[in-house]
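Trainee: With the first letter of the sequence shown counted as 1, position 86 gets the number 85 in numbering that gives the first Met the number 0; the numbers rise by one all the way through.
Simulated from the structure, these hints should not be mistaken for lab results. Keep in mind that the hints are not guaranteed to be accurate.
[Stated by the list, open to error] With a straight-line Cα cutoff of 27 Å, these simulated DSSO-like cross-link-like pairs (lysine-lysine) come out:
| # | residue 1 | residue 2 |
| --- | --- | --- |
| 1 | Lys-395 | Lys-324 |
| 2 | Lys-427 | Lys-451 |
| 3 | Lys-252 | Lys-343 |
| 4 | Lys-416 | Lys-427 |
| 5 | Lys-449 | Lys-427 |
| 6 | Lys-451 | Lys-430 |
[Stated by the list, open to error] Label-pair distances were calculated between CB atoms; the ranges are:
| # | residue 1 | residue 2 | range |
| --- | --- | --- | --- |
| 7 | Leu-291 | His-118 | 46 to 54 Å |
| 8 | Lys-343 | Pro-194 | 17 to 25 Å |
| 9 | Asp-293 | Pro-194 | 19 to 27 Å |
| 10 | Gln-417 | Leu-254 | 35 to 43 Å |
| 11 | Leu-309 | His-424 | 26 to 34 Å |
| 12 | Glu-377 | Ala-429 | 49 to 57 Å |
| 13 | Gly-400 | His-249 | 43 to 51 Å |
| 14 | Arg-260 | Thr-150 | 47 to 55 Å |
| 15 | Arg-260 | Phe-126 | 45 to 53 Å |
| 16 | Gln-417 | Thr-393 | 37 to 45 Å |
| 17 | Ile-372 | Asn-319 | 16 to 24 Å |
| 18 | Met-431 | Arg-260 | 52 to 60 Å |
| 19 | Lys-103 | Gly-400 | 50 to 58 Å |
| 20 | Glu-224 | Lys-103 | 25 to 33 Å |
For glycine and all other residues, C-beta sits at the position ideal for the given N, C-alpha and C.
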Amino acid sequence: MLYVDAPSIDAPGDTIPDEFFQDLFDAVVKPPKPETEHLVKAKAMADHDLGHKPSSNASPAVSPPPQRAAAVPAPLAAAPSSAAPSASPAAQSSSDLRNIVRRKLTGYVGFANLPNQWHRKSVRKGFNFNVMVVGESGLGKSTLVNTLFNTSLYPPKERKGPSLDIVPKTVSIQSISADIEEAGVRLRLTVVDTPGFGDFVNNDESWRPIVDNIEQRYDAYLDAENKVNRMNIVDNRIHACVFFIQPTGHSLKPLDIEVMRRLHTKVNLIPVIAKSDTLTDEEIVSFKARILADIKYHGIQIFEGPRYELDDEETIAENNEIMSKVPFAVVGAGNEITTADGRKVRGRAYPWGIIEVDNEEHCDFVKLRQMLIRTHMEELKEHTNNTLYENYRTDKLIAMGVSQDPSVFKEVNPAVKQEEERALHEQKLAKMEAEMKMVFQQKVTEKESKLKQSEEELYARHREMKEQLERQRMDLEEKKQRIESGRPIEGKETKKRGGFSLR
């Protein structure tokens, strides 16, 4: 194989010199064979008819190749002869990859506008995001959601006094949806709340309604995918689950561990420490370490931002900084407070100072918002669709008896396949034989039971008839003895003689 060195092109207006094409043409094209006399005459007549000037030589001169643009692939190789052996597909593929050379375009083509097309389509269609909040009552779930999206999704709650109403004994699921818009981008936000979680004396199976709700949403999406018309599929799957941990300062409670173990394979789990303003900085650091140790010990998977090869150092550092704050120690507040220097901030006022929600030195609210909304919202949705939902879908289809035959994607040895089919057939025969034996044994047992019952009935009838015959025999013996002794037979009432009757 022959290679020709391609000249380097730095500027878009540079062109390849003619010497390069001449050398390339001489290396690739073989000299033409001498033409026969009648072929030369025929070509001369054709040139005369077309108005061309006939060539003086028997073999026409080859014209140099035309000028080409700068964006040409290099290096070019001479075509292999038919006698040369063909290379393997793997070697050919690796050779093609090695021969790919990156070149700059000399002009505008247009495919650089693809992100803009996708942006216009996405903005026109809008986005949707479904988030679930799980935690005990009084941890500030509603306040944090309102603070995250800077809107009042939850109406203000009225404080109720003591009541004799019966409190429900199960966890209820409540869903709130809202269409919000920011800078022309529409977002269909759905917040799924779980009031009543952890509020009972007996919290066994309190996670069941939460898991059932997540699986019902997966089932609804799976049913929509299996329909004939799949144009408008509404994605109601949970994309993120914010799990609120009570700020005890010790470690995770058994209920928290059990619920996180049940949820981490079905949703993107994001743990947060609620009301972190009740803990000191040292207590928060030690509490986070204990929580992460419990999560690692029990094999619980929490959401981590994906890392790509083309990420720059700034993006990698930002992702690492976000993950270093997990679990996020957050504080929620919807009211604006004026600080001592005159700034209006969202936070909470205490006798000893002000907690600013948007101040990273006070809490991790900003990092939570970056992960959940600003930087990883699409990653949360992609991980839900490509990993969590696909795992659930695979398990669901396998449970329904639908599985992909792996032989479609691999070469199968006929002898091995025949042996597998024979073993499978033998297993089926053994199973059928066992079932037939079981059915036969069951029928034999039933027949024996019926025969035994009939035998007992016959014995009872025989015993009854025998006793009846014995009584009759004894009665006859008694009558015989009385007749022989001349005594009248007793036991029969004699009719009293009455007066004469004319009848």
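Trainee: Each hint should be assessed against the structure and marked as holding or not.
Mentor: Now for the hints, and whether the structure bears them out:
no., hint, verdict
1, Lys-395 x Lys-324, "violated, 35 Å"
2, Lys-427 x Lys-451, "violated, 36 Å"
3, Lys-252 x Lys-343, "violated, 38 Å"
4, Lys-416 x Lys-427, "holds, 16 Å"
5, Lys-449 x Lys-427, "violated, 33 Å"
6, Lys-451 x Lys-430, "violated, 31 Å"
7, Leu-291 x His-118: 46 to 54 Å, "violated, 38 Å"
8, Lys-343 x Pro-194: 17 to 25 Å, "violated, 32 Å"
9, Asp-293 x Pro-194: 19 to 27 Å, "holds, 25 Å"
10, Gln-417 x Leu-254: 35 to 43 Å, "violated, 55 Å"
11, Leu-309 x His-424: 26 to 34 Å, "violated, 53 Å"
12, Glu-377 x Ala-429: 49 to 57 Å, "holds, 53 Å"
13, Gly-400 x His-249: 43 to 51 Å, "holds, 47 Å"
14, Arg-260 x Thr-150: 47 to 55 Å, "violated, 33 Å"
15, Arg-260 x Phe-126: 45 to 53 Å, "violated, 31 Å"
16, Gln-417 x Thr-393: 37 to 45 Å, "violated, 29 Å"
17, Ile-372 x Asn-319: 16 to 24 Å, "holds, 19 Å"
18, Met-431 x Arg-260: 52 to 60 Å, "violated, 41 Å"
19, Lys-103 x Gly-400: 50 to 58 Å, "holds, 56 Å"
20, Glu-224 x Lys-103: 25 to 33 Å, "violated, 43 Å"
In summary, the structure is inconsistent with hints 1, 2, 3, 5, 6, 7, 8, 10, 11, 14, 15, 16, 18, 20 from the numbered list given earlier, while agreeing with the others.
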